[in-house]
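Between the sequences and the hints, there should be enough to build the whole structure, so can you do that?
Protein chains in written order, with my numbering: chain A, 1 to 401; chain B, 402 to 782.
Rather than coming from a laboratory, the hints here were simulated on the basis of the structure. Keep in mind that this is a model prediction, so the values were computed, not measured. Glycine included, C-beta positions come from ideal geometry on N, C-alpha and C. None of the hints are false.
Stretch-level coverage of chain B by chain A, calculated; a stretch enters the list once three of its residues show a Cβ under 8 Å from a Cβ in chain A:
#, stretch
1, 528–536
2, 728–741
Distance condition first, Cα-Cα at most 30 Å in a straight line; then the derived DSSO-like pairs of lysine-lysine:
#, chain 1, residue 1, chain 2, residue 2
3, A, 396, B, 665
4, A, 243, A, 141
5, B, 780, A, 290
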Amino acid sequence: MDLDFSPEDLAFQAEARQFLAEAYPAALRDKQARDEPMGKDDILSWHRILAKKGWIAPSWPVEYGGTGWTPTQKYIWSEEQARADTLAIPPFGVSMLAPVLYTFGSEEQRKRFLPAIYNGEVWWCQGYSEPGAGSDLASLKTRAERITADDGKEYYVVNGQKTWTTLAQYADWGFFLVRTDPAAKPQAGISFLLIDMKSPGVTVRPIITLEGGHEVNDVFLDNVKVPVENRIYEENKGWTCAKALLQHERSGIAGVARSKRNLERLRDMARTERSDAGGPLIDDAFFRRKLAELEIDLTALEFTELRTLAGESSGQGPGPESSILKIKGTEIQQRLTELTLEAAGHYGAPHLLGLPHNLAAIGPEDARGAAGDYFNTRKTSIYGGSNEIQRNIIAKMVLGL
Amino acid sequence: MNFSFTEEQTLLRDSLASYLADHYSFEQRRAAIKSTAGWRPQVWKAFAEDLGILGAAFPEDLGGLGGGATETMVIMEELGKALVVEPYLATVVIAGGFLKRSGHPAASELIGRIVAGEATFAFAYAEPQGRYALHDLATTARKDGAGYVLNGQKAVVVGAPWASHLIVTARTGGARRDLGGVSVFLLPKDAPGVTLREYPTVDGARAADVGFENVALPASALIGPEGEALPMVEAVVDEATAALCAEACGVLRRLHESTVEYAKQRKQFGQPISQFQVLQHRMVDMFIAFEQSVSMSYMAHIRLGGADDERARAVSAAKVQIGRACRFVGQNAIQLHGGMGMTDEMAIGHYFKRATLIEAQFGNTDHHLARYEALSFGKAA
Numbered sequence: 001m002d003l004d005f006s007p008e009d010l011a012f013q014a015e016a017r018q019f020l021a022e023a024y025p026a027a028l029r030d031k032q033a034r035d036e037p038m039g040k041d042d043i044l045s046w047h048r049i050l051a052k053k054g055w056i057a058p059s060w061p062v063e064y065g066g067t068g069w070t071p072t073q074k075y076i077w078s079e080e081q082a083r084a085d086t087l088a089i090p091p092f093g094v095s096m097l098a099p100v101l102y103t104f105g106s107e108e109q110r111k112r113f114l115p116a117i118y119n120g121e122v123w124w125c126q127g128y129s130e131p132g133a134g135s136d137l138a139s140l141k142t143r144a145e146r147i148t149a150d151d152g153k154e155y156y157v158v159n160g161q162k163t164w165t166t167l168a169q170y171a172d173w174g175f176f177l178v179r180t181d182p183a184a185k186p187q188a189g190i191s192f193l194l195i196d197m198k199s200p201g202v203t204v205r206p207i208i209t210l211e212g213g214h215e216v217n218d219v220f221l222d223n224v225k226v227p228v229e230n231r232i233y234e235e236n237k238g239w240t241c242a243k244a245l246l247q248h249e250r251s252g253i254a255g256v257a258r259s260k261r262n263l264e265r266l267r268d269m270a271r272t273e274r275s276d277a278g279g280p281l282i283d284d285a286f287f288r289r290k291l292a293e294l295e296i297d298l299t300a301l302e303f304t305e306l307r308t309l310a311g312e313s314s315g316q317g318p319g320p321e322s323s324i325l326k327i328k329g330t331e332i333q334q335r336l337t338e339l340t341l342e343a344a345g346h347y348g349a350p351h352l353l354g355l356p357h358n359l360a361a362i363g364p365e366d367a368r369g370a371a372g373d374y375f376n377t378r379k380t381s382i383y384g385g386s387n388e389i390q391r392n393i394i395a396k397m398v399l400g401l
Numbered sequence: 402m403n404f405s406f407t408e409e410q411t412l413l414r415d416s417l418a419s420y421l422a423d424h425y426s427f428e429q430r431r432a433a434i435k436s437t438a439g440w441r442p443q444v445w446k447a448f449a450e451d452l453g454i455l456g457a458a459f460p461e462d463l464g465g466l467g468g469g470a471t472e473t474m475v476i477m478e479e480l481g482k483a484l485v486v487e488p489y490l491a492t493v494v495i496a497g498g499f500l501k502r503s504g505h506p507a508a509s510e511l512i513g514r515i516v517a518g519e520a521t522f523a524f525a526y527a528e529p530q531g532r533y534a535l536h537d538l539a540t541t542a543r544k545d546g547a548g549y550v551l552n553g554q555k556a557v558v559v560g561a562p563w564a565s566h567l568i569v570t571a572r573t574g575g576a577r578r579d580l581g582g583v584s585v586f587l588l589p590k591d592a593p594g595v596t597l598r599e600y601p602t603v604d605g606a607r608a609a610d611v612g613f614e615n616v617a618l619p620a621s622a623l624i625g626p627e628g629e630a631l632p633m634v635e636a637v638v639d640e641a642t643a644a645l646c647a648e649a650c651g652v653l654r655r656l657h658e659s660t661v662e663y664a665k666q667r668k669q670f671g672q673p674i675s676q677f678q679v680l681q682h683r684m685v686d687m688f689i690a691f692e693q694s695v696s697m698s699y700m701a702h703i704r705l706g707g708a709d710d711e712r713a714r715a716v717s718a719a720k721v722q723i724g725r726a727c728r729f730v731g732q733n734a735i736q737l738h739g740g741m742g743m744t745d746e747m748a749i750g751h752y753f754k755r756a757t758l759i760e761a762q763f764g765n766t767d768h769h770l771a772r773y774e775a776l777s778f779g780k781a782a
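Written out as structure tokens, the structure is:
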């Protein structure tokens, strides 16, 4: 057991660091500094630079564009991205759909969709949750009926409503769970469909979240015609794809490297913010205790993730243990925003969303957006299977209870 | 021993609750906080004229109805339940609290204007460098002939955009963090040299960072003893903190009740999610946190009239309980509402946001825990 980086690892680290320093667009850096929201083109511009470098999808099989990196290299890469504070690439295409495609898709489907995901030509969204199917995802009701159309081809006609669809306002395509056999048991009657969001009958309606942002949407499907060849894997076997995807979603959700970076930021903030005693906040006994506890919890999570990564490299896919990463990762993300808001003191109160971004901050720069982040981050213990559901998974699948 | 309310107090609660039910629905509030003004002067007028709540806690000889801390508590709980943004706390509890104590010749006239709904106040005490320490003041009021000249910056002055007057803490002597040298001034907001940078706050209110540049004040602007006003400031802020605790109880009640209601209606896995034991226990813990908060709010209000140390300890203890409850109940209310809890459309998120700001207002949990420790066990070695 060791954590040492080999000379090759160190060389890779230097290469990654240099690449990020040179290739990351200054325009994005400026926008981040002003805390401006990122648009579709911003995110895709960075995606395409990474694709050109060949580093957009390290975890994919090499034949489809994966890098073949060791777990150590993947770890270094995520650390370096967090260190450089580059934009996170949305997971929908690269991290969620692609593994389903190369695991369950036909050769033709892989050829058709994987390159466009890789090159950032198509923005994907995830149509899973419904108003009546959240934690109980398998109870989803969106109906897909198979018909033979006048053109002699087979289609599914899809009707229903999806919700909490993240960044659907940017999406060109979506992957959807739909019910193809209403008579079967809930999990047995579901299929996995790829739907062109420009199809007639698809409507996206924004949902504004409590901090005032627009990330999520309702997606309405009204007699949407979907060619049968857009179904991944067998009819009524979509739940198999969904489960595999959810486990990938959960293991990526820990966000260790980003949390480490945010913790460092919080430390810096606590050095400049004042305590009631007049000194730096980081000298305040209560605050430093909470900071220390958080750092220890993050270390525990980091090593749990490293053990998982090492397991994956020896051939085990992410298992139900990834629920540990989801629970602890999101709790830590939430505590980081809690402490940042605490550190902001009175300046946690101003609501700046909607005010022009070029205005000077009200109060210290690092307090800007602290409350909004705190409110927004409450979602993390709800999405991707709520943390209560994750505990059920561990109880059932790991402990056999 | 008696924890029941008088008939008058119950009537006060009922009439205010019924007014707010009719005029302060979630939708009515939403429209008001999005309007240019951000509040409704007609609601304020109704508070003064129809409901009499602006005078409820003032003595009769000052034009009030002769109530006290209990009336304030009853009113603040109801204001909390409806997420009222109008500046009751700053005007009645804080400005009224200073004026009552000040012995100022114009005090009864000004209180009369508060009771009539003609004067609204904001309390400019916090400074960018000072965190929650009331005596950490870089703002100065330099003696100039018979009057003063005010210079400095105040942070996040809640309700300042709506106020006709400001109450400002400033140094008439001593160094930035001295306990001595603190004075309190009352001035019209439109006094020359007062500048406001206004903004909304995350809980739907409005605030401003307020600057004072060579603001000339007459001698009569001084409220209370020159240079020795810190004990008065602490007493008034303790009263305000107790009132805030009562508001929090109203907010917590709604957070808890709405969550129980939602859990009974929301079905997953073929049953209401309220049937899951893990969620039942969570809701029980939320309920306990709420009940303990009500107890501590009562305790703090009962002890407001005690000696300075007793009062301060009681208020800080209550604020610790309530700060923790605001976080626990607020976070879990969102969690148990699932995605719906994250939407701007549902009221629950707005209660959570108010609870979050209450947690930090007049000192967060750490601040009051440290204050309680110092009062109970002395300063740590």
